[in-house]
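Using the sequences and the accompanying hints, generate a full structural model.
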Amino acid sequence: MHTYLTLGSKKITPPKTTFQPNASQPRFAISQNVMGKLLKALLSMLLLCNLSLLPMLSAQANEQVEQNTTSGSLININQADLQTLTLIKGVGQKKAERIIQFRQEHGPFKSIEALSQVKGISLKIIEINKGMLTY
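For the sequence shown, the numbering used here assigns the number 639 to the initial residue and increments by one for each residue that follows.
Certain hints may be false.
[Unchecked claim] Pairwise CB distance ranges (calculated):
1) Leu-692 to Gln-670: 26 to 36 angstroms
2) Glu-751 to Ser-711: 19 to 29 angstroms
3) Pro-746 to Ser-682: 29 to 39 angstroms
[Said to hold, decoys possible] List time: in silico DSSO-like cross-link candidates among lysine-lysine, alpha-carbon distance up to 27 angstroms:
4) Lys-757 to Lys-768
5) Lys-768 to Lys-732
6) Lys-732 to Lys-762
7) Lys-675 to Lys-727
8) Lys-748 to Lys-732
9) Lys-748 to Lys-727
10) Lys-762 to Lys-748
Since the hints were derived computationally from the structure, they do not count as laboratory data. Where is the CB? At the ideal position from N, CA and C, for every residue including glycine.
Okay, here's the thing in structure tokens:
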């Protein structure tokens, strides 16, 4: 046996232990049932944290759309894509699709008022959005 410390003539040796670490066995055994519950709890907490961020992200997205429509940027009705056309007040996806289809069939619009030739686009919609539209 090895001697760890010597004090004068007295030799101190480590105590004998019956514990022999075995690499194949974990130091702390956690049952699969407990591990499953811990995993479910952790995933639930992560889900709740992510869900709590949704209202904030939604508010930021709405603010961005409002900035795009009120920041003085004009929408060119002859070049705008589907998503951009839906920024026009009173124009949803269906009406935006009709505007694009009309452009493809008849060529570019010659005026803002020519939008009224598209089914569902009234003069009232054109009047409301006149300041943000160009051709």
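For this session: Return the numbers of the hints above that this structure violates; sort them in rising order.
Result: 3 and 7
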